[in-house]
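The lines below spell out each chain.
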Amino acid sequence: MSQQKKVRVLNGPNLNLLGAREPEIYGSATLAQIAEGCIRLGAERGLDVEFLQSNHEGQLIDWIQGAIDHCDAIVINAAAFTHTSVAIHDALRAYKGYKIELHISNPHLREEFRHTSYVAPAVDAVVAGLGVGGYALVVGLLGEVL
Amino acid sequence: MKVLILNGPGLDDLRRLDSSFDKDLTLDRIEEACGALCASYGIDMTFRQGDVVRELFDWVGRNASEFDALIINPIGYYSYEAYETFEKYRSAIKVLAHLKKPVVEVHISNIFRRGAHLIEPLREPDAQIGFICGLGLHSYLLAIESIAQKANLKGSTP
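From first to last, the protein sequence lines stand for chains D and Z.
Using the working numbering, you'd call the opening residue of the first sequence number 1 and step up by one each time.
Using the working numbering, you'd call the opening residue of the second sequence number 1 and step up by one each time.
A portion of the hints provided could be inaccurate.
[As the list claims (entries may be wrong)] Below, simulated BS3-like cross-link-like pairs (lysine-lysine); rule was C-alpha separation at most 30 Å, straight line:
1) D/LYS5 <-> Z/LYS2
2) Z/LYS88 <-> Z/LYS100
3) D/LYS5 <-> D/LYS96
4) Z/LYS2 <-> Z/LYS150
5) Z/LYS23 <-> D/LYS6
6) Z/LYS2 <-> Z/LYS94
7) D/LYS6 <-> Z/LYS88
8) Z/LYS88 <-> Z/LYS101
9) Z/LYS154 <-> Z/LYS100
10) D/LYS5 <-> Z/LYS23
11) Z/LYS2 <-> Z/LYS88
12) Z/LYS94 <-> Z/LYS23
13) Z/LYS2 <-> Z/LYS101
14) Z/LYS23 <-> D/LYS96
15) Z/LYS88 <-> Z/LYS150
16) Z/LYS150 <-> D/LYS5
17) Z/LYS100 <-> Z/LYS23
18) Z/LYS94 <-> Z/LYS150
19) Z/LYS88 <-> Z/LYS154
20) Z/LYS154 <-> Z/LYS94
21) D/LYS6 <-> Z/LYS154
[Unchecked claim] Cβ pair distances, simulated, as ranges:
22) Z/GLN149 <-> D/THR84: 24 to 32 Å
23) D/GLU36 <-> Z/VAL52: 25 to 33 Å
24) Z/ARG48 <-> D/GLU36: 51 to 59 Å
25) Z/VAL52 <-> D/LYS96: 37 to 45 Å
26) D/GLU112 <-> Z/LYS100: 38 to 46 Å
27) D/ALA43 <-> Z/GLY42: 40 to 48 Å
28) D/THR30 <-> Z/GLN149: 16 to 24 Å
29) D/ARG110 <-> Z/GLY61: 25 to 33 Å
[As the list claims (entries may be wrong)] Counterexamples of contact, computed for chain Z against chain D with all Cβ distances above 12 Å:
30) ARG15
31) ARG62
32) HIS98
33) LEU99
34) HIS138
By construction, these hints were calculated from the structure, which means they are not laboratory data.
Glycine included, C-beta positions come from ideal geometry on N, C-alpha and C.
Could you build the full structure based on these sequences and the hints that come with them?
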C-alpha cells in the first residue's frame with residue numbers, strides 16, 4: 001500500500017461563520033460539518049486531510065509555508081483575501097505541490113471587487129460556484145490524482 | 001436526466017492547452033470519459049463541438065429547453081470572433097439560467113495563468129453558473145459530479 005498523501009485545506013476570513021452568514025449565498029452547512037465530511041472522504045480515499053480556518057492573513061501564509069515539503073496538495077478558499085492578498089499569492093508560488101483555489105459561490109457573478117483573484121494565477125486550478133459540495137468534489141479528485 | 005456538454009471554437013485541437021493534471025488530452029478522450037461517467041449516473045449525455053459561433057449558439061438557443069443541465073467550455077483559442085462569442089454565450093446561458101437549470105463553465109487550462117485579459121469567465125449576475133478551470137479532463141468530470149450531486153443521483157460504479 002502506498003504512503004498516505006497529505007492534503008491541507010485552508011479557509012480564510014469569515015468562513016467560520018458558515019451556515020449563519022448569508023445562507024442564501026453560502027448554504028446552511030457549517031464549516032465544522034464540511035471539515036468532517038472532507039476528513040471522512042479523504043480517509044476513504046487514502047488521504048490525510050487537515051482542515052484549517054483563520055481570519056488572519058499571516059496565519060494562512062504560515063500554513064501555506066508549513067505545507068512546503070510536508071503536504072502533497074493545498075486546497076485554498078482564501079475568501080476575501082483572494083481579492084487583496086499579494087502575500088498569499090507569493091506564498092502559494094513558493095509551494096510546488098498541487099494547489100487548487102476553491103470558492104463556494106462564483107465570485108465572477110458577484111460584485112466587481114470580487115472579479116480579480118490574486119490566488120488564481122498562483123495555483124493549478126480554480127473551482128467555484130459548486131456550493132459547499134465543491135469541497136468534497138475537490139477532495140475526491142485529489143484522492144484520484146495523488 | 002439530459003446533460004449537454006458544449007465545446008466552443010478551437011476545442012477540436014487541444015495541443016496548445018495544458019493542465020497540471022493531464023498531458024496529451026484529446027477531445028475524443030474527454031468525450032469518452034464524460035460518456036462513461038454520465039452512464040454510471042444514468043445521465044443521457046449530448047457532447048458537441050463547433051467552430052462557428054453563430055451556428056453553435058443558435059443551436060443552443062433552439063434546443064436548450066430539452067436539457068436539464070449544461071456544461072460549457074466556451075472557447076479554446078482567442079480571436080476577434082471571441083467578442084461576438086461571449087455575447088452569444090451570454091444569451092444562451094440566460095435561456096438556461098432563467099429555466100433554473102444548472103450551468104457549469106469549464107476550461108482545461110487555468111485561464112488566469114494563460115492571461116485573464118484574453119479569456120474571461122462568463123459574467124451573468126442573475127445566473128447560477130459553476131466555474132472550473134485548470135483540471136484538464138477532470139474539469140469536465142467534476143462538473144458532471146457536481147450536477148449529479150445536486151440532483152441526488154447515485155453512481156453505479158464505485
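Here is how each hint holds up against the structure:
| no. | hint | result |
| --- | --- | --- |
| 1 | D/LYS5 <-> Z/LYS2 | violated, 36 Å |
| 2 | Z/LYS88 <-> Z/LYS100 | holds, 19 Å |
| 3 | D/LYS5 <-> D/LYS96 | holds, 15 Å |
| 4 | Z/LYS2 <-> Z/LYS150 | holds, 14 Å |
| 5 | Z/LYS23 <-> D/LYS6 | holds, 23 Å |
| 6 | Z/LYS2 <-> Z/LYS94 | holds, 18 Å |
| 7 | D/LYS6 <-> Z/LYS88 | violated, 43 Å |
| 8 | Z/LYS88 <-> Z/LYS101 | holds, 18 Å |
| 9 | Z/LYS154 <-> Z/LYS100 | holds, 22 Å |
| 10 | D/LYS5 <-> Z/LYS23 | holds, 22 Å |
| 11 | Z/LYS2 <-> Z/LYS88 | holds, 22 Å |
| 12 | Z/LYS94 <-> Z/LYS23 | violated, 34 Å |
| 13 | Z/LYS2 <-> Z/LYS101 | holds, 11 Å |
| 14 | Z/LYS23 <-> D/LYS96 | holds, 18 Å |
| 15 | Z/LYS88 <-> Z/LYS150 | holds, 27 Å |
| 16 | Z/LYS150 <-> D/LYS5 | holds, 28 Å |
| 17 | Z/LYS100 <-> Z/LYS23 | violated, 35 Å |
| 18 | Z/LYS94 <-> Z/LYS150 | holds, 20 Å |
| 19 | Z/LYS88 <-> Z/LYS154 | violated, 34 Å |
| 20 | Z/LYS154 <-> Z/LYS94 | holds, 29 Å |
| 21 | D/LYS6 <-> Z/LYS154 | holds, 28 Å |
| 22 | Z/GLN149 <-> D/THR84: 24 to 32 Å | holds, 31 Å |
| 23 | D/GLU36 <-> Z/VAL52: 25 to 33 Å | violated, 49 Å |
| 24 | Z/ARG48 <-> D/GLU36: 51 to 59 Å | violated, 40 Å |
| 25 | Z/VAL52 <-> D/LYS96: 37 to 45 Å | holds, 41 Å |
| 26 | D/GLU112 <-> Z/LYS100: 38 to 46 Å | violated, 25 Å |
| 27 | D/ALA43 <-> Z/GLY42: 40 to 48 Å | violated, 28 Å |
| 28 | D/THR30 <-> Z/GLN149: 16 to 24 Å | holds, 19 Å |
| 29 | D/ARG110 <-> Z/GLY61: 25 to 33 Å | holds, 26 Å |
| 30 | ARG15 | holds, 19 Å |
| 31 | ARG62 | holds, 25 Å |
| 32 | HIS98 | holds, 15 Å |
| 33 | LEU99 | holds, 17 Å |
| 34 | HIS138 | violated, 6 Å |
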